[in-house]
Each structure stands twice: as structure tokens, then as C-alpha cells.
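**Student:** Residue numbers (the numbering used here), protein chains in the order written: chain G, 1 to 316; chain V, 1 to 552; chain R, 1 to 227; chain X, 1 to 99.
Everything labelled a hint here was simulated from the structure, so no lab data went into it. For each residue, glycine too, the CB sits at the ideal point set by N, CA and C. Warning: the hint list may mix true and false statements.
[To be verified] Here are the computed distance ranges between Cβ atoms for each label pair:
#  : chain 1 : residue 1 : chain 2 : residue 2 : range
1  : R       : ALA15     : V       : ALA476    : 52 to 58 Å
2  : V       : VAL298    : X       : VAL35     : 42 to 48 Å
3  : X       : SER11     : R       : ALA15     : 29 to 35 Å
4  : X       : GLY72     : G       : ARG241    : 36 to 42 Å
5  : G       : ILE32     : R       : HIS12     : 29 to 35 Å
6  : V       : HIS138    : G       : ILE32     : 51 to 57 Å
7  : G       : VAL276    : R       : GLY117    : 38 to 44 Å
8  : V       : VAL493    : X       : LEU70     : 41 to 47 Å
9  : R       : HIS226    : V       : TYR320    : 30 to 36 Å
10 : V       : THR77     : R       : ALA15     : 52 to 58 Å
11 : R       : GLY117    : V       : ASP526    : 56 to 62 Å
12 : G       : VAL276    : X       : VAL43     : 28 to 34 Å
13 : X       : LEU70     : R       : THR137    : 43 to 49 Å
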Amino acid sequence: MAGQVDALYIYLLLVAGVMTALIFLAVMALAIKYRRARHPNAEQIEGSTILEIIWSVIPFFVMLTFFIWGAVIYFQERTPPADSTEVYVVAKQWMWKIEHVEGQREINELHVPTGQDIKLIMTSQDVIHSFFVPAFRIKQDVLPGRYTTLWFKATKPGRYHLFCAEYCGTQHSGMGGDIVVMEPRDYAQWMAGGPSAPLQETGKQLFSALGCATCHRFDVQGRGPNLVGLYNTDVLLEDGRMVKADENYVRESILNPTAKIVKGFKPVMPTFQGIVSDEQLNALVAYVKSLTPTGSAELQNQPAASPAQPQKMQVQ
Amino acid sequence: MASTVIPANRAPAPTPKLNYLNNGHTLKSWLLTTDHKRIAILYLISVTVFFFLGGFFAMLIRLELLTPQGDLMQADTYNKVFTMHGMIMVFFFLIPVVPAVLGNFLVPIMIGAKDLAFPRINLLSWYLYIIGGILISHVMLTGGVDTGWTFYTPFSTEYTNTKIVEAGLAVFIAGFSSIFTGLNFIVTIHRMRAPGLTWDRLPLFIWSNYATSLVMVLGTPVVAITIVLVAVERLFHLGIFDPRLGGDPLLFQHLFWFYSHPAVYIMILPSMGVVSELIACFARKRVFGYKFVALSSVAIAVFGFLVWAHHMFVAGISLYAAMIFSFLSFSVGVPSAVKVFNWTATLYKGSISYATPMLYAFGFIGLFTMGGLTGLMLATIGIDVHVTDTYFVVAHFHYVMVGGVLMGYLGGLHFWWPKMTGRMYPEAWAKLSALLVFVGFNLTFFPQFILGYVGMPRRYWQYPPEFQALNVLSTAGASILAAGYLLPMIYFVWSLRYGKIADANPWAAAGLEWKTTSPPPTFNFDETPVVTWEAYNYDEIPAWERRAPVAR
Amino acid sequence: MEHEAHNPALLHHFADAQQQKNAASLGMWLFLVTEIMFFGGMFCAYLVYRLAHFNAFAAGSQQLSIWLGATNTAVLIISSVTVVLAVKAAEAGKRKVLVGYLVVTVLLGMTFLVIKGFEYREKFEKHHVPGATFKFTDTFDDNGKQIPVNPKEAELFFSLYFAMTGMHALHMIIGCGLFSVLAVLAWKGHYTPGYFTPIENAGLYWHLVDIIWIYLFPLLYLISRHS
Amino acid sequence: MAEHEEHTTHSQGFYIAIGVGLLIGTITTVGAAFVNLGPFNPVIALLIATIKATVVVLFFMHVKGASEKLTGAVVVSGFFFLAILLSLSLADYLTRSWR
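Based on the sequences and whatever the hints tell you, model everything.
**Tutor:** Set out below in C-alpha cells:
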């Protein structure tokens, strides 16, 4: 990615450099050639519509190339490959808390292997921060109340700066760290070193501890939708909208269950806002995402009408 | 007409001609004046005070950044310093500077009117500006603000305990000052033009002030209400941008940038108008493609409203919105490019002299070209993701704001100084300062482009040591720049007493403002002029070296 | 017109009364545009959040009194009529009629504010004022049907409700003050058929405040009222 | 008396009639809100509001029949820029959930 950005940057620099040089040279040459001593009488020229059109249209098309190339790169930057390794990031004043799906936790450091696509799923506990790795030419603001994502693939082992790029208070400039890129072998070793309860495992425990499993059942259709195979599918909602079940959807459904009711279900789920922390939320999301219909013959959530449970909703 | 001009500060002279400066000497005659020219002078003084205040903070920033460690001041102090620098420079200097000083002085004269349409509202604008200024100074002296001039939520609403409400109120009040100025200009330009002065005969400075006024009137209210919402969120816990209530912090950014991006055009457009005047005068030519230059001002003002979210490409807006805004952002590039090309083309077959104002105009073209082209890079999303919120952006907007606006302002101030005061500035010193400003400016801000691309984020109090060399260069440039700005201040004051006395039209320039005396009488013209000529009729005016000597 | 030469209201920098009047009118219209944009910021916030949290907005809206809201709309419309009749009276030079309409307008404006005050009081009593004391348990609509609502989002609705109606009420207060002053001046005979620009311009302001309410009423009070 | 010609004042009865029309509009809005029109409820409400606002602008604020078009242009541009604010903001919010 860095290479592509640099290539575009060099192209832009060239165009800008040539334009600047042209303007500077033209101004200087004209200013010298037509200085008053040599050219005491100005010739009045009204203007030229053709010239105006030329120097409006040509820059426009040049800019169009900027736009298209830039948009293509941006599209790639915002589209993580499907098989990326996921890492959860929670930002707070003034530190980065990193959770690997394998259960490893780090603060202000992120260890990643070379050659692997890494997708960061980020949220903030307080104000807006921004995850910025200049060496990878990537940056994404980290917002409270929702996930933003970012992905990259490191190619060369080493330590790279991690900065917070969105002003976040007193120690904004201290909210940095390192991205430690390692050979896959070293990385595996490092990963083996720490305590290892995979994130989805933590999520699984939470899932039963919080009683989610009473309604979201995997064998039969419960009061809540079956979550197996839910992730990354399109969900038809009660109000007729179709939404993608991405991380933000799962997150919102936990914190604010009534916002998007799946078709055929009742708005009976209580909110877990204030009950689960951002880290626990990440674990739950990771768990829901891990539910794939491999073992069981469970299909995706059918929009079939569930047994109606009209009166018991306040019990929860 | 022999212009026997006696400057105000000269000891009693025989039969002084009454002009706006000597028409009343009491403090009251200044503070309660409704004369647009006196109000312009009031603005000139107050804006200059705020410029040096903002500049002082800039120097503190540059000194702190000399070393990678935060050793000059605490992190909190640094955050307050750059916030003050931003707020003062944006709201109390750049936005009012050209419209409220040069525009206030020149708009009525250039269109042959006796005053602005609403002289009392004009005075009210100044008082609002001063009240806002006093408030922001109060904030500064009693603890400051640490949000940056952008007030981003939820930091500003919930996580900082500095004086957001007071600072917001200051910006709100200053905003209304600028709304009233804009409103006054639009009405004046529509209603008060001299007979015969049709729209296609207007000086380009008027066109650009008109466009600026549109932005002031249409954009400022949105930022005003946004700041009110931030204030009530802090005061009364209404939670409109509160993520815990399902509010979206990005909505604040949308509303904020809806004004604050077009605000950039409030700043730059009047300076573009100044440059058009300067180039025409010192090339002795009508501006090439007058119509296109005039309309490009309006086009910039209108397109300026379509591009705000290019400040938010990495903020979490949707992919598609980012692409739309990126595309639209390039649309502003076209009219800006048209202006630069037309100025350059105006030089062709002109008769060019290198008076100080022209040097500033050249400087403007150069720096604005660089600022504009780096702006295109920032509009290119793939690049923006990497360089936004870094020193690249800082360098870019200083090239446009300081390189552009200030070059235009200083050029205009030198150009119209004889008209405003009746005195010439010292040419040699002025040329030196123009040179200092240009060199100092590039030395200060060019390294910041590189700093940004190698990854130094903005608003950093301390930074990794590898960025130090470029930061030292930048600080060195800043000291040259400071000298370049102090110099005019000194010789302008000096010239009030010792400068050569200027006649009505020292540059042999076209335009109504040169057809009245220097300084002009209180009502600008003894008789309402009737305009029968096109703008920039330099073919009818001989250059000043070859004019018949004027009685002095 | 014999006033023209000695019109005491004609300011020195205008060529004639017509130019002055046109300038004042254009200035007022531009000011109204700034008001549109000023409220526009809040309308934008409203639109965004209504789309995001429709259920909460509907539930919040159910808690507003539709009848008080509709009555206030009617009050404002009637006051707009009295304002336009005041302008007409000013143009015709009927001083007493003018003063009468101005006074009625102020009274109507105050009626609006009093009704608004009652509504606000009810919100305080029901803990519908955003902040620490905010409670929202009223998740049943008029027909007893449950609306699924996150109380936090309902708080957002009430934040917007108070911001928008509060800002509108502030404009009403300013309008009432303005018209009170004009009534006194009109009584003293400041306005003639040759010069009544302040009456006209204040009228324009009042109509705009009316228009803003015309939008606020359905947007705030009438969300999803049907069963 | 040039003012009287360019100033299109109407009769007292006309203004009262307009006022009555606006009141009827209000009643219609309230009535329509209680009828289930599906997605058209807000559309109808805003349509009526816009008609009412237009009537106020045209007749009470005397834009219709004004001697010059400038006032109209000012009004239209005000709403035009408001529309820019709303539509481009929504361009973000409505496409957030895509992809």
C-alpha cells in the first residue's frame, strides 16, 4: 500500500512541480521581458474565451486523474481482505490497548507478522483518536460509540512509529507506540509466550454468563435470531431495510438492541449499554463472528416467525 | 485637482482641507464614528494587535518545537498556546483582515458611494469584534482553552475542563461581527453603486468582496449554532453530539466544516481581489479575462460550500461520501487555477514596474500556486489519508492563509496606504520587508511539507528526534518571517509623520478611489461620480513616471 | 411626495428615500437568510438523528402535547395576520390602527410563550429534561402499543426538542420586545406612509419566526402519530 | 406616491382569508398525522408545511408582486444553501451502512 501511495504522491509532485515551475518561470520571464524600462507602453488585451476554456478544461481532466487514482487507492485502503487476521484496538486518553484474537494483550505496541493482512477493529473509550502509522501510509480516526476499521500488510520486519493523529487532550503527543513487525516464525514464538485465552473464548464465557444464550439459541430458533453464520450476511429488518451484519451491526445490536430489529422478531432484548465494557464488547463481537455453521447443520437465521412472546419482555 | 493634504498628526497647518482623518480629533469622534474609513482604521489597529498576539503564540510554538522533548513549557500550556494561535489567527485576524480593513475602507469609495449602506451596523460589527476579542483575551488570561480552534466533540463537550463556553461565545460574537460586515457589503454593492457603474464595470476587488460576503452570510450562522449547541451541551447537559445518547461526534464535524471550510474562501477571496488590482495597476493593463476572473470569485464561493467533508476523509464518514467530496473538492481547483492563469496572462505585453505592492502580488501568485497545488494533493483521497492531520496540512494551509492572505493584505496595505493616510511608505524598506517575508515564509513552511509526509502529526508537543532538523529549519525561518512582519509595522508608523506626502493618485491607478483626494473627505466625494468607463482603463492613464507633475 | 426633501428619516449617505428603503429591505432579507442557515444547522442535526433513531423520536414525540402545539401554531398564524395588517395600517398612515395591531401581535406572541412555558413545565415534571434527572419510561404510544425505545435516544430527542424550541422561543422573545418598542414609537408618530421601514422589516422577521415554527410543529410533534 | 404601486398590498379581507387558509392547513396537518399513510406521513406533513411557508413568503412577506426579482433570489439562495447542507450531510449518513 505504501508503494502505491508513494507512486501517486510522486505523480502529484511531478504535476505540481511542473505547474509551479511553469507559473514561476512565466511570471518571472514576463515580468523581466515587459519591465517598464524596456516596454513603456502596455498593449491592452481583453482576454480570450478560448484560452479560458483551455485552461479550465485541461486542469479539470488532469485533476480527474488525481481523483480516480486517489479514489482507487482509498477504496483498497477501506476494503480489508476477507482472510485478514483481526486485532481489536481500544483507544483511551492516552494509550492504545490492543487485543489479539488469540488473547494476547498489549499496550502501545502491536506485534504483527510480515506478509499477513491485519485488520484492526477500533473503538475509543472517550474522545476521538486517530491510528496513524506513517510507514504504512495509513490513518483512521477512532471514534467513541462505534467501530472503525483499518487494514494493512507489513512487508519488512522492524519497529515503526504509531502515532495518535487526532488531537485528544493533554498527552496527545505522548499517545504513541510501536508497530513491531516480525518474521512469521518469530511472531509465532512471541505469540506462544503470552497467556492464551482466545478472545472468542472470553466472548463465549460472557455470552453464557450474560444469559445471551437463553434467547439466541443455536439449535432451535429462540426468541432472538440465531447468530450462527450471521456475520457478514445481509439481514432483513422489520422496517424493510436490508443491512450488512458487520462489526458495527453486532456492536449496536448489543448496546442498542431496538435500533435494528430483525424481521420476524420482537424488540424484547434489553440494552447492555453500561453493563459490558469495550473490551468485553470486543470479545462478544469476536465470539459472534466466530460462529460459523461448520459443525452443526444450522443454516443462517431464517426470517421465519418466531414463537411470539408478547408479555414476558419486562422480565429480562 | 490640486490635493493639498494635511495629515492628521501634523501640527496646525494653514487652511487644512477637511478629510476623514482631521474631521474631529476627539476619542469620541473615533469610537462613535459611523464613517466607514474611520471604522476601517479602527479595524486596522485592532486586527494588527491580534495579529501580533497570534504571532507571539506562533513564536512560542516554534520555540517549543526546536527540540524534540517538551522542554519550554508543559504539554497543557503548549495545547493552549496552539489553540490560542489558531483561534486568534482564524477568527480575529484572517477572517476580518482584508474585508474589514481594506474592504471597509475601499468598497464604498470604489463604487462611488458616500458610505456603506448601514454605517451604524458597521460600527456595531467593530464593537462585536472587540467584545469577542476582549472575551478571547479574557479566556487567554484566565486559563485558556485546549481543544484546538476546531472544538472537536466529544473532547470539547465532556473531556476538557477549560473555558470552552467563554471561548465559544467569543467566536460566536466575532461571527456575528463578520455576518454584519458581509451583509453590509452585499447591500452596499447592490444598492449604492454610482450611476453608470454597472456590474461588469466593477473593480475585481469588489467582486471578490461580494463573493466573500456571500460566504460570510450563508456560512457563519451554521458555525454559530454549532458552537451554541456545544455550549448548551456543556452548560445544560443537552446531549446533541453525545455518543452515549446515540449522538454522532461526526455531525459536529459536518456542521463545523460546513462553515469552516468556506471560511477559508472568506479569507483568500478578498486577497485575490487585491492582487487583481495590483497586477492591473503595475502592469498598466486591464486584467486579462475580466469576466472570468470576476465570475471565478463567485464560483469559488459557491463551490466552496460543496467540499467541506474533505476535512473528514479519515474521520469515519462513508466511503461513498468521501468519494463525492473528493470529486467536488477538485471543482474548486478550476476557478482558482483560472485566476492564476489570468493574472499571469495579464503580465503579457504589460509595462511592468516593481513597486512593493507588485512584489507582494508576485509573492502571492507563487505561494498561492504552491498552496493550491498541495490542496489538490489533499483532495486526492489516497494521499489525504496519509498526510491529513500531519504537518503537511499545516504547511498547506499556511501557504494559502499566510502566504496567500497575508501577501495580498500587505500588498494592498502598501498600495492603498497613501490613500488611507496621505503619506507614502519608504520604498526601499518596504522592498526589503517583502523579500524577508517571502524568504522567511518559505523557509518556515516548506520544511513542514516534508515533515508531514514523513509522518509528524500536527499539534504535537514533543516528537521523535529524527524530525528535529526540519523543525529547526522551520523555526529559523519563522524568525526571519517575524522580522519581515515587524518591519512594515515600524515604517508604516514612521511614515505617518515623516513619509512623503502623497497626491490623490500616486500610482496613476484606475479606479474611483484614486479620483478623490488622499486621504478622502468624510463623504468620499465632493460630488457623486458618474462612471462612463470600464474598469482598469489603463490605456487612458499614463504611467506615473510620465505624468505631468502634480501640484504638491 | 412632499416628505422627500425633508424626510427626517433619510440618512445622509443615501441618494433618496427609495434607495434607503430598498437597502434596508435587502439587508433584512439577507439577515433572514442567516436565520435560515442558523436554524438549518439544527434541522440538519434533527434530520440525521431522526433517521438514525426513528423509534426513539417517535416515542419522544408522543409525549408532546399535540393540542398545545397546534394551538401555538394557530396563535402564530393569527399573529402573522395581525402583523401584515399592521404593515398595511402603517402604509395607510392609520396610526391608532397600527398601534392596535402591534399590541395585539405582542399579546399573541406572549400567549405563544406562555403556552410554551406550560409545555416546558410539564417536561420538567415528567423528567423529560435532558441531564442527570432524565427518565424515560413512557414507551407506549396513544393506543397502548409498545414502542421499543432506548431511553438514551429519547434523551437525544428531547435535547433537540429543547434546543430547537428554545432557540425559537428566544426569537419570539426578541420579536415581542421589538414590536413593543415599535408600538411605542408608532404611538409617538415616528412612522408615516413615507417611512415605515422598521415596521415592515420587523414584520418580515416575525413571519420568518412563524415559518420556522410551521416546520418545527410537524417535525417535533407529529412523528408517527397514527396507529 | 411611487411606493404604493410597487408595494402590492392587498385588502384586509385578503389577508384574513390567507390566515384562515393557513389555519386550515394546520388542521389538515394534524388530521393527516393520525391517518396511516406509511412512508408518506412525513412527506405529507412537510408538503403542507412547505405550502404554508410559501404562502407566508409570497403574500405576507410580499415577495409575490415585488418590483424586483432580487428578493426572490435571496430567498431561493437561502433555501438552496440549506439544501446543500442537508443533502450533502445525508450523502454521508445514508451511505454509512453500505458495503
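**Student:** So which of those numbered hints doesn't the model satisfy?
**Tutor:** Hints 5, 12, 13 not satisfied by this model.
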